[in-house]
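Undergrad: The listed protein sequences derive, respectively, from chains A and B.
Per this note's numbering, the first sequence starts with residue 1, numbered consecutively.
Per this note's numbering, the second sequence starts with residue 1, numbered consecutively.
Note that these hints are calculated values from the structure, not bench results.
C-beta: ideal position from N, C-alpha, C; glycine also.
One or more of the hints may lead you astray.
[Said to hold, decoys possible] Interface residues of chain B toward chain A, partial, derived using beta-carbon atoms under 10 Å:
(1) V39
(2) D45
(3) Y78
(4) G88
(5) V381
(6) E386
[Unchecked claim] Pairs of lysine-lysine residues, derived as DSBU-like cross-links and limited to a Cα-Cα distance of at most 35 Å, are as follows:
(7) B:K219 <-> A:K225
(8) B:K376 <-> A:K243
(9) A:K89 <-> B:K128
(10) B:K243 <-> A:K219
[Unchecked claim] If you only want the chain B side, here are some residues facing chain A, beta carbon under 8 Å, derived:
(11) T105
(12) Q190
(13) V242
There are 2 protein chains.
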Amino acid sequence: MNQPPQHFPCTTSELELSTDSPPAASSRHGRRLYPIMAVLHYTLDFKLRAPADVSATVHGLQSIFQEQEMTENVHNLYGHGYLATFVGKNGRFAILRMHSHGLVTFDLQCLEGDDVAQVDNLLNALEKKLKALLDGNIQRIKRLPVLIRGSDVDRYWPTADGRLMEYDIDEVVYEKDSAYQNIKILHSRQFGNILILNGDVNLAESDLPYTQAIMGSGKEHYAGKEVLILGGGDGGILHEAVKLKPKMITMVEIDELVIDGCRKHMRKTCGNVLDNLKGDCYEVLVQDCVPVLKKFAEQGRTFDYVINDLTAVPISTAPEEDSTWEFLRLILDLSIRVLRPGGKYFTQGNCVNLTDALREYEKLLGRLSCKVDFSKEVVCVPSYMELWVFYTIWKK
Amino acid sequence: MNQPPQHFPCTTSELELSTDSPPAASSRHGRRLYPIMAVLHYTLDFKLRAPADVSATVHGLQSIFQEQEMTENVHNLYGHGYLATFVGKNGRFAILRMHSHGLVTFDLQCLEGDDVAQVDNLLNALEKKLKALLDGNIQRIKRLPVLIRGSDVDRYWPTADGRLMEYDIDEVVYEKDSAYQNIKILHSRQFGNILILNGDVNLAESDLPYTQAIMGSGKEHYAGKEVLILGGGDGGILHEAVKLKPKMITMVEIDELVIDGCRKHMRKTCGNVLDNLKGDCYEVLVQDCVPVLKKFAEQGRTFDYVINDLTAVPISTAPEEDSTWEFLRLILDLSIRVLRPGGKYFTQGNCVNLTDALREYEKLLGRLSCKVDFSKEVVCVPSYMELWVFYTIWKK
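With these hints in hand, go ahead and build the complete structure from the sequences.
TA: As structure tokens, this is what we get:
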């Protein structure tokens, strides 16, 4: 989602090491030599009003695990409640824990392809029995949707503020490691294809509101204007801007493999605009935008609109500053230099919850070589599942 | 989210038994006698290209658990890979499993209030060591955002199609069990307060797009018209409709406690419209809508717009039909009877992914006593985190 550098600890890391590997959805291509089975992880939690009677509860549950022919193992928790694990002959593994402060957690891990009805029966039986045993002492029963771990098709893509989100992904459409980043295009049942760069959801085919917001939310007149797009390899902005009959659009995208993937698999976003890198009123330069911006600034070339659609931590072939914030500032400074008086600079900011990062960015805007003013707008981008801030910046 | 009956197995159940209990955010009210600590559940998964050497990997990891002074227990998995559990003196519990088909899963459960830096160090050390040990054989490393289990403030509210979503909930604002349902209003950092009925996300203060869609997406002229709202206890539709100067709005909401909660805590949605149940151009009847509809039908009273904003499985004081679909049909039939020729009936349908339920609903529309036509629209409602279908229905 292209967020500026974040100063909060990220609870999720996603490292994809896919070069030279079979595509993730490789079972469809028959190129994998061993069966791919995800682990299905079920949870069932009872939050209690007061600590429960451990031995009565455990005794009451015994028959359920015995019926399942699971081998029980009671662990010494050094006074931190009760913990038993259970192993089934089919590799099922269960954990029952009764915390001394009044919380019962149950986990069940089994392999994809296990008998779902049997697993459901076990969970239902356990829930029913615990309800009876803990009657009157229950504050909340929570059974989360099953966690699918190690699947070929990864459905979990956290928000920019680090929350767990399960997407309705059913297919890996495209996956490459370019010289710059890991590129994935995944199919979502409701959002269409989604472009994911280095684990960040960038844009889905459903996300016209993103493109509209980063172009000024329909309040600008592009006809006859000169436009510079930084990044934008998915072709969304270019596709929408071309329709508005500008004089000329120059787009500078560093990563040809992003363009390739989106040209093939994000047609609802880019239309046919990426079929050729040059059109009647546009040109796509497959280059690092920093030297291009410098060249334009030196030549005195200017634009009516500069649209920064670069990724989170902008990619460069030769970053000149150590700090990402300083690098962001370099791009901003250069962009404002090539902006005509009266022109506008548009960019996406961050998720609305990352207030520290947003404040830091706005501070940066106050420290540019050229004085600028800005406005911001909060937009709901369908595939993001969190509200996103967009900035409009202009010379004072 | 008010979805019609679903014929798919629901992977999530949420049973709240809060009557007579201290409020969920009770620690703030000092009414709870024992400390509330959630369990933090971390996961770290390595998806491999090929099965790994178990003994070399396990041997390589030993020092990490020894350093943590965790007691190891190796379980017999009956040939289904390797499984070891580890218990720490502070109640930490870890599970390392190496599946024979090339997946390594690691779980770490600890209590809220545990040393986060230490836990992070353990996870980082493990990730680093596994990276080294499995070098060249790694296809994906996945570390999900931590699961928070048994917290006072429940952040997990699944989508209508059963996917796991973590909301940025930070406070329980209101919680009641009425005669009809469990009512919660939770505060989301980005969406404002969210009304949740029986575990279903109904409406957040951010969700004006929902209200606009169920009123005809700005394409209708309400001025001077007569409007009937079924349900709508959050006051959102009433608040927006009143602005449009209709002749009269009649709203029929069964649950006074929903109105009470929303009047206090959903002000961005309802404004001051629920402060009085009667206004210049509206009246709120706190009644079951079925007898009211029957009375209107008998009296020959008709409306220009009927807006059905009832919950998923509509609540009734005396449902006359066993099947929920038949009950839905009863409400639809009665609503169409009180609709003027040329009038429109608006309702929300379901999440766009539940194609079977949507198809079933559309079949129902073909079986009404009065022939109707319909159109539908897919809308992004911010707090839903999934695209939603809305229907416009009119007499043929």
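Undergrad: The structure should be examined with respect to each hint, and the outcome stated for every one.
TA: Now the hints, each set against the structure:
A hinted interface residue such as V39 (chain B) counts as satisfied when its beta carbon comes closer than 10 Å to some beta carbon of chain A; here the least separation is about 6 Å, so the hint holds. Annotation: D45 (chain B) was flagged as interfacial toward chain A, and the flag holds, the nearest CB pair being 5 Å apart, inside 10 Å. Because the closest C-beta pair between Y78 (chain B) and chain A is about 5 Å apart, less than 10 Å, the hint holds. Look at G88 (chain B): its Cβ gets to within about 8 Å of chain A, closer than 10 Å, so that hint holds up.
For V381 (chain B), the shortest C-beta to C-beta distance to chain A is roughly 9 Å, which falls under 10 Å, so the interface hint holds. The closest approach between the C-beta of E386 (chain B) and any C-beta of chain A is roughly 6 Å, which is under the 10 Å cut-off, so the hint is satisfied. With a C-alpha separation of about 33 Å, the suggested pair K219 (chain B) and K225 (chain A) falls inside the 35 Å cut-off, and the hint holds. For the given pair, K376 (chain B) sits about 27 Å from K243 (chain A) by alpha-carbon distance, which is consistent with the 35 Å threshold.
About 32 Å separates the Cα atoms of K89 (chain A) and K128 (chain B), which keeps this hinted pair within 35 Å; it holds. The suggested pairing of K243 (chain B) with K219 (chain A) holds, with an alpha-carbon distance near 26 Å, which does not exceed 35 Å. With 8 Å as the threshold, the beta carbon of T105 (chain B) comes within range of chain A, its nearest partner Cβ sitting at about 6 Å, so the hint holds. Given hint, Q190 (chain B) at the interface with chain A, holds; its Cβ is 5 Å from that chain's nearest Cβ, closer than 8 Å.
For V242 (chain B), the suggested interface contact is broken, since its CB lies about 25 Å from the closest CB of chain A, more than 8 Å.
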